[in-house]
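Protein chains in written order, with numbering that gives the first Met the number 0: chain S, 0 to 449; chain X, 0 to 245.
Treat the hints as calculated values from the structure; they're not laboratory data. Be aware that a few hints might be false.
[To be verified] Listed below are the simulated DSSO-like cross-link pairs for lysine-lysine, each with C-alpha atoms no more than 30 Å apart in a straight line:
1) X:Lys-24 - S:Lys-5
2) S:Lys-261 - X:Lys-241
3) S:Lys-311 - S:Lys-341
4) S:Lys-257 - X:Lys-24
5) S:Lys-2 - X:Lys-203
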Amino acid sequence: MVKSVKQEMAGWGNFPKYTGFVYQPESTSDIQAILEQETGNQIAYGLGRSYGDNALNKDNGMLVLDKMNHMLAFDEHTGILTCEAGVSLADIIEVFLPQGFFPPVTPGTKLVTVGGAIANDVHGKNHHADGTFSEFVRSFDLLLASGEMITCSREKNTDVFWATVGGIGLTGIIVRATIQLMRVETSQIKATYEKARNIDEAFDRFQENDANFKYSVAWIDCLSTGDSLGRSVLMRGDHAEKVDLKNGIREPLALPKKPGLKIPVHAPSFALNYWSISIFNQLYYKSYKNETKLVDLTSFFYPLDAISDWNKLYGKKGFVQYQAVFPKDNEPKEGIRKLLEKLSHEKRSSFLAVLKSSGKANDALLSFPIEGYTLALDIPIKRELFSFLKELDEIVVAFGGRVYLAKDSTLDMETFHKMYPQWEQFMMIKQRLDPGGRFSSSMSRRLGLG
Amino acid sequence: MRTVLVLGATSTIAQKTVHRLAARKMNLILAGRQPDQLETMKRDLEIRYQIKVSVKSFDALDFDGHEMFFSNVLAENDRIDGVLLMYGAMSDQREAEQSFAKSRKMIDVNYTSAVSILNIAASYFEKKKHGFIGAVSSVAGDRGRQSNYIYGSTKAGLSAYLQGLRNRLHKSGVQVLTIKPGIVNSKMTYGTVEDSPLLAEPEKVAGDIDRAILKRRNVLYTPWFWLVIMLAVKLIPEWLFKRTEL
């Protein structure tokens with residue numbers, strides 16, 4: 000009998016919060032035992048960095064997999080790692096960066112599990128160059144509702160592979176994965192910072208020379224208006240090679256040890272408001288100048304990981320993250336301009352807004368990125384946020400775009416169907432693998448995914 | 000490189016403690032009853048820390064097999080520098096009151112088996128004049144309370160045993176560490192204890208254990224505030240204590 004605790008759980012946005020039964024399985028046989036002993040449905044939960052409800056399961060089971068975090072095999076010649084699904088990118092970096100390896104795709108936090116990275120098919124600053132996380136997944140072992148375990152790859156159980164990649168945990172529990180790590184010579188990024196006075200300039204830069212950089216992203220001030228609408232700082236770069244380092248650095252792969260900050264309690268909900276964010280944005284924009292310099296990997300990829308529990312800055316009510324992608328051939332700039340206009344018009348302050356170009360879509364049925372441009376925003380929860388988000392959704396649909404499920408908590412079924420036309424194919428595979436609906440989440444029920 | 004034998008290596012506290020030892024480049028012998036899980040831990044520790052880890056089947060209740068187990072471990076390893084006993088059994092107090100079988104299981108696992116295997120380890124270290132023995136007892140052994148005195152009495156026995164052993168091995172330069180955790184968030188307690196400010200994370204306990212080994216401490220209360228709590232609990236006179244609901 001595997002025990003559970005009835006507990007209120009939330010994603011990183013602290014919205015929504017649902018109470019369900021939390022299990023802490025330590026092995027595949029624990030998960031099999033849970034499936035056997037319980038009649039309710041289950042969803043995998045990793046480190047809780049998805050923002051909304053894709054790993055929440057109201058009144059049902061949530062399998063917290065962070066205890067299944069063992070590394071199982073590593074080939075130092077090829078950089079191929081086999082590990083349990085609860086291993087985090089932080090673990091991988093800690094162990095393998097000193098040996099000259101780095102995850103080839105990483106989202107804006109390293110505190111995500113490998114299983115979660117597959118189930119959300121996460122992407123990073125190099126999507127335009129390298130694609131999503133699944134690009135580097137050789138195979139994974141999936142525990143099905145029947146209790147049977149299957150190995151999925153591009154060659155084996157291909158349809159299950161592409162349904163599970165981005166499939167937000169609904170096809171089964173990913174228990175192990177084999178992934179390809181990338182060789183790096185140093186722990187530094189040669190980063191180029193460039194300011195763009197408005198969205199037109201930012202797009203021009205992206206189009207001009209994004210292909211020259213492996214990593215590319217723009218911080219965008221979404222409170223600026225008029226001619227400055229969409230003014231931004233482009234942050235682009237490549238892994239520094241040994242020759243790029245100043246002479247005298249003896250350990251090219253070492254990371255600086257920095258004291259971390261911790262947000263101890265939820266900030267009052269007024270702390271991040273239009274005025275404070277607007278002042279922050281002014282200062283932040285001014286703090287950059289056009290230059291190329293070396294920055295360490297953690298500051299470049301994970302600036303917010305230095306502040307643990309930064310989500311508490313948004314107060315107890317929490318916040319939503321909204322990330323949309325606009326396809327390249329459908330005037331993406333106009334779509335993004337419309338979103339920004341709407342935000343700045345309604346003074347919906349976003350502390351963090353990020354613009355980047357995205358590369359070609361892959362074969363995963365529910366994977367988010369499509370070729371074009373993506374904009375990500377944090378929006379605090381207040382005054383009629385949900386009708387506002389609906390209006391954003393309408394703009395996104397009108398431009399043929401979609402929102403990212405890893406960050407969503409409000410999308411309705413009808414809009415989801417428009418954004419992800421392959422949902423029907425997904426459901427066919429889901430029903431074949433899980434006819435009894437043993438894997439389900441608050442998100443999947445909201446979106447009609449079983 | 001030094002080598003530590005960990006008995007009950009899949010317990011939550013052990014799983015966290017072995018990472019600390021491995022980070023100090025100690026080789027490990029993981030012993031327990033779950034070969035698959037031990038094998039998984041072995042691979043993980045070897046990849047993460049580039050140390051040597053071996054896996055050994057160990058059944059605490061197979062008292063007759065303990066001699067053989069220990070001599071096999073010695074035969075397969077050049078040296079052993081420490082033994083950590085980190086398993087334990089805890090069943091519901093009420094059920095244990097009604098069932099001697101359940102009481103006896105706790106006595107056998109927590110006390111009898113410890114005496115059996117640590118007697119053997121002690122003689123080895125005594126001869127070597129080197130090494131350490133650490134065992135996970137509990138604050139529950141410091142005073143019997145109606146809510147868990149059967150479990151508590153097994154740990155009281157273990158604590159007294161370790162006390163005597165420390166006395167005996169002092170002149171041989173062998174450290175004996177009595178580890179007394181409070182309530183720890185672990186497999187053993189998950190789903191049975193309420194969330195409370197006293198509930199400690201196993202990582203914290205593991206860090207304390209690692210430091211206590213390094214500093215050659217005798218008795219470790221972990222987290223530290225249990226020292227204060229148990230001091231107070233021990234000071235309450237019996238005529239008053241027997242009236243409490245603890």
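Evaluation of the provided hints:
Straight-line distance between C-alpha atoms of X:Lys-24 and S:Lys-5 comes to about 39 Å, which puts the hinted pair past the 30 Å bound. A hinted pair counts as satisfied when its Cα atoms are at most 30 Å apart, and S:Lys-261 with X:Lys-241 does not qualify at roughly 44 Å. For the hint pairing S:Lys-311 with S:Lys-341, the CA-to-CA distance comes to about 26 Å; that is within 30 Å, so the pair holds. Between S:Lys-257 and X:Lys-24, the direct Cα distance comes to roughly 24 Å. Compliance with the 30 Å bound is thereby established for this hinted pair.
The suggested pairing of S:Lys-2 with X:Lys-203 holds, with an alpha-carbon distance near 23 Å, which does not exceed 30 Å.
In the structure shown, a violation is registered for the earlier hints numbered 1, 2, in ascending order.
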